[in-house]
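Colleague: Chain residues, written in single-letter form:
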Amino acid sequence: MADDENPPIDENRRDFILNTTTSVVAGAGIATACWPFISSMNPSSDVLSKATSEASLKGIEPGEMKTVPWQGKPVFILHRTKKQITSMETSDGGKDPQADAERVQNPDWLVLVGICTHLGCVPARKKEGWFCPCHGSVYDNSGRVLTGPAPRNLELPPYEFVSSEKIIIGKTEKPPIKS
Amino acid sequence: MKHVIGWIDRRFPLTAFVKHELTEYPTPRNLSFWWNFGSLAGIVLVIQIITGIFLAMHYKPDASLAFDSVEHIMREVNYGWLIRFMHSTGASAFFAMIFIHMARTLYYGSYRAPRELMWWTGQVLLLLLMATAFMGYLLPWGQMSYWGAQVITSLFGAVPFLGDEMVIWLRGDFTVGNATLTRFFALHYLLPFIIVAAVIIHLVALHAVRSSNPSGINLKDKNNIPFHPYFTVKDLFGISVFFTVYSYFVFFNPNLLIEADNYIPANPMQTPAHIVPEWYFLPFYAILRAVPDLVGGVIAMALSVMIFAAMPYLDRSKIPGGARYRPIFRIMFYLFMLDILVLGYVGAHPPEGFLVPLGQIATFFYFAAFAFLRFFSKWEDKWLFNRGLPAEVQAMLSSEQAQKTDRRHHKKDRRETPGDNHND
Amino acid sequence: MIKQVVLVCLILSTACFNIFLATIIFVTTSFATTNNHPLENIVFSQDPASLQRGAMIYYDVCRICHSMKYIRYKTLQEIGLSNKQIDTLRGDKPENSTPEKTTSDHMLSTLYGQVPPDLSLMAKARKHGPQYIYTLLTSYTENEGKYENPVFPGIKMPDAMNIAVAINESSKEEIKNQAKDVTEFLLWASDPRASIRKKIGLYVIIYFSILSILLYFVMKRVWSRLDNVES
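First to last, the sequence lines map onto chains A, B and C.
For the first sequence, position 64 matches number 64 in the working numbering, and the numbering has no gaps at all.
For the second sequence, position 36 matches number 1036 in the working numbering, and the numbering has no gaps at all.
For the third sequence, position 141 matches number 2141 in the working numbering, and the numbering has no gaps at all.
The shape of chain A in the complex, shown without the other chains (with noise of 0.2 Å):
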């Protein structure tokens, strides 16, 4: 607001003050006003409540595979046998080595985020591991990759036992309270 080209005739500290001060006011509005239509584009408030999803492990036999989704993302839970389980203690997985220990919280449940870590396809369950269809990754039952173009182990989510029978997939954080 300042007339910088033709000088009021009397200008002086106090009309500086006064459109310093506006302008400051209404440019911090005019900023805090962007923040609701940025914020609006950010997830709403249903789509982050999938932030976590439960999944009951009532049912699933051992050998058996069940898909839950989680943040629109497929998660495996796999209820290994004690074959499966003493098989995969044993070896350290292929291409990126990792003990078995370190994938599971419970040995009996495996729990997977579902998407091959080469370019994004759903690996297809197989007697002893995945298999990717899109260019053929060989995962075990650790989720470890074993041969093909994948360059890492399956992803694993985050995730907590609530009770023997109930499992809590993703961050359990409260909620920031909505707007």
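One thing to keep in mind: the hints can contain errors.
SDA-like cross-link-like pairs, simulated, lysine to any residue; straight-line CA separation at most 20 Å [unchecked claim]: (1) Lys2127(C) with Phe2152(C); (2) Lys1318(B) with His1228(B); (3) Lys1060(B) with Leu1191(B); (4) Lys2127(C) with Pro1272(B); (5) Lys2198(C) with Ser49(A); (6) Lys83(A) with Glu128(A); (7) Lys2156(C) with Ser2109(C); (8) Lys2093(C) with Val47(A); (9) Lys2127(C) with Lys1318(B); (10) Lys1318(B) with Ser1399(B); (11) Lys58(A) with Pro2094(C); (12) Lys1019(B) with His1228(B); (13) Lys2124(C) with Ile1258(B); (14) Lys166(A) with Ser49(A); (15) Lys73(A) with Thr52(A); (16) Lys2220(C) with Thr147(A); (17) Lys2093(C) with Thr52(A); (18) Lys166(A) with Gly2091(C); (19) Lys1382(B) with Pro1320(B); (20) Lys2199(C) with Pro36(A); (21) Lys2220(C) with Phe16(A); (22) Lys2220(C) with Arg1029(B); (23) Lys127(A) with Trp109(A); (24) Lys2101(C) with Asp1068(B); (25) Lys127(A) with Ile115(A).
These aren't lab readings, by the way, just hints derived from the structure by calculation.
Guided by the hints, dock chains B and C onto chain A, whose structure is given.
Modeller: Below, chains B and C without anything else, positioned relative to chain A:
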């Protein structure tokens, strides 16, 4: 910075444009706060476009999803409630600003020569705004939305011969349905940008003829001041005051102007007990109902909006401006405003009892005011001339006379110039 | 001096305008009527304890016939219900599911001739919604073993709160309190963002008032440059 501007100026008249249209644009010094409402309507248009674009990111124009998607915006989208209420309140604010802007134009006679084209582009803007608001009102897909659209599209049935086909064509369905909703959404998104274009034309016309002013007298150069900083800061002040009032409605009373019935999802099987249009259509709606015949009613309603375009021709007064120097015009103006309020009241209530004749009388006065203007503007002149005019008006009239003869001379000169007379 | 007077007038007139609006709204709501009966004019506080009691009453009583399809169980956190309480309410339903009626649509239409409406928006979908709901719930009377509602003649909904058969005044008071609680809950459900909206709104209005005052002084300063110029 100077470099960049210089670079641009060699390719595009940026500095010249800003200088001519903003920093040095001469504006009458005596403009009152009534002249703020044009810029306020402009700022509301900006609010509506921004909030509208963000709403469109979440809205679903499908009969089975529309209502739910609006509730989703209101409940789940971050600040969705704010954006939605800004948009719904903004629609009312837009009409409020435009109506005051129009009332100012009428009161001060700003529609008179040489500003006819401004008045008419303004008329086009009003029609576009009405169309946009009407289509936007269908989108929440509540009971009022649905039945409002049903009733208004039915009005096109009054078109001779093609009426029924036209109604179905407009709706793309036998009643208002999915096809109607989707096309209304498409047009509701498009029209605001056409409004922006029309606003630019309105402003180009303004900068050609300059602002009118409360006295109605064309001011001498010494009474004009540069637009910036005097009117930029005045407009900013007006905008800030506007936002204070607007915020009250958005944050504390957003549902004041939303009918309760519009929180019930549209039900084609059941009409609400009492349909009312939004407040800004009420006077026109009252005129529609005042005529007992459908075709007549539609014509009367269309005429009630379009008749404003005739103002420059109906007002035959020789005295400049509007109400300032013309007492009878002033009284007529207030009576006309009162009549519009009466029509609004009639439009808001069911047509029962005394409201039916009241609506008809008010409709009669509405049109009579225009018809009467043609005659009384002459009588008033005669009376005022006999009584003696204030000095400034007399000075103005004589200077105008001088200008006219001057212009006639110019024309003559031009005619005499060879090569310029091919049109005559 | 004149500046200050103008400013004070400006502020006063804005204040008067707001008071005027508030009065109109107050007057129109306080004479609220339905079917020519005045509605009970009570003020709703949206107090959390009342909302929580109301949610429970909805869950136990209203939910038999009415769904609430816009209220996810998880969002009940916002009225202060704990995760544990919510888990009990939803049972084995997912957190993001919404309360469904416990009676089938088919059964309800045979009983009442129509499917009872969803309640999520009820407090906004009627004129003077909360007063309307409260009056509706509390104005049932009993007539030879049949329920009746003189304010809403012909209503299909039975006397859900059992106010018509209340044995004495104190139990009637108790039922009225419950009706108020459930109305509070429905009012919240119809507009869960109302409290944050008003909170933000207060700051926004204060902000624009300050900005208006600042701009007013800037405007006066800028225009004062013209004072020395002859007009």
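Colleague: With reference to the structure, classify each hint as holding or not holding.
Modeller: Do the hints match the structure? See the list:
1. Proximity of Lys2127(C) to Phe2152(C) is assessed by CA-CA distance (about 14 Å); at most 20 Å being required, the pair is judged to hold.
2. Distance check on the hinted pair: Lys1318(B) and His1228(B) sit about 33 Å apart at the alpha-carbon level, beyond 20 Å; violated.
3. A distance of roughly 18 Å separates the Cα atoms of Lys1060(B) and Leu1191(B); the hinted pair therefore holds under the 20 Å criterion.
4. Annotation: proposed proximity of Lys2127(C) to Pro1272(B) holds, straight-line Cα distance about 13 Å (limit 20 Å).
5. Between Lys2198(C) and Ser49(A) the CA atoms are separated by roughly 25 Å; this puts the pair beyond 20 Å, and the hint is violated.
6. At most 20 Å may separate the alpha-carbon atoms for a hinted pair to count; Lys83(A) and Glu128(A) meet this at roughly 11 Å.
7. Our distance criterion of 20 Å between C-alpha atoms is met by Lys2156(C) and Ser2109(C), whose separation comes to about 11 Å.
8. A distance of roughly 18 Å separates the Cα atoms of Lys2093(C) and Val47(A); the hinted pair therefore holds under the 20 Å criterion.
9. Between Lys2127(C) and Lys1318(B) the CA atoms are separated by roughly 52 Å; this puts the pair beyond 20 Å, and the hint is violated.
10. Using a Cα cut-off of 20 Å, the hinted pair Lys1318(B) and Ser1399(B) holds, with the two alpha carbons roughly 13 Å apart.
11. For the suggested pair Lys58(A) and Pro2094(C), the alpha carbons sit about 15 Å apart, so the restraint of at most 20 Å is met.
12. Restraint check for Lys1019(B) and His1228(B): the C-alpha separation of about 9 Å stays at or below 20 Å, so the hint holds.
13. Between the alpha carbons of Lys2124(C) and Ile1258(B) the distance comes to roughly 10 Å, so the proposed pair stays at or under 20 Å and holds.
14. Pair hint Lys166(A) plus Ser49(A) holds up; C-alpha atoms about 18 Å apart against a cutoff of 20 Å.
15. For the given pair, Lys73(A) sits about 11 Å from Thr52(A) by alpha-carbon distance, which is consistent with the 20 Å threshold.
16. Taking the CA atoms of Lys2220(C) and Thr147(A), the gap is about 78 Å. The hint is violated against a cut of 20 Å.
17. In summary, the hint linking Lys2093(C) to Thr52(A) is supported, as the alpha carbons are separated by about 15 Å, within the 20 Å threshold.
18. For the hint pairing Lys166(A) with Gly2091(C), the CA-to-CA distance comes to about 14 Å; that is within 20 Å, so the pair holds.
19. Distance restraint check for Lys1382(B) and Pro1320(B): the Cα-Cα separation of roughly 14 Å lies within the 20 Å cut-off, and the hinted pair is therefore satisfied.
20. Distance restraint check for Lys2199(C) and Pro36(A): the Cα-Cα separation of roughly 15 Å lies within the 20 Å cut-off, and the hinted pair is therefore satisfied.
21. A C-alpha spacing of about 14 Å is found between Lys2220(C) and Phe16(A), which places the hinted pair at or below 20 Å, so the restraint holds.
22. For the hint linking Lys2220(C) to Arg1029(B), the alpha-carbon distance of about 14 Å falls within 20 Å, and the restraint holds.
23. For the hint pairing Lys127(A) with Trp109(A), the CA-to-CA distance comes to about 16 Å; that is within 20 Å, so the pair holds.
24. Only pairs whose Cα atoms come within 20 Å are accepted, and Lys2101(C) paired with Asp1068(B) is accepted, the gap being roughly 19 Å.
25. At most 20 Å may separate the alpha-carbon atoms for a hinted pair to count; Lys127(A) and Ile115(A) meet this at roughly 18 Å.
Hints 2, 5, 9, 16, counting from the list given before, are not met by this structure.
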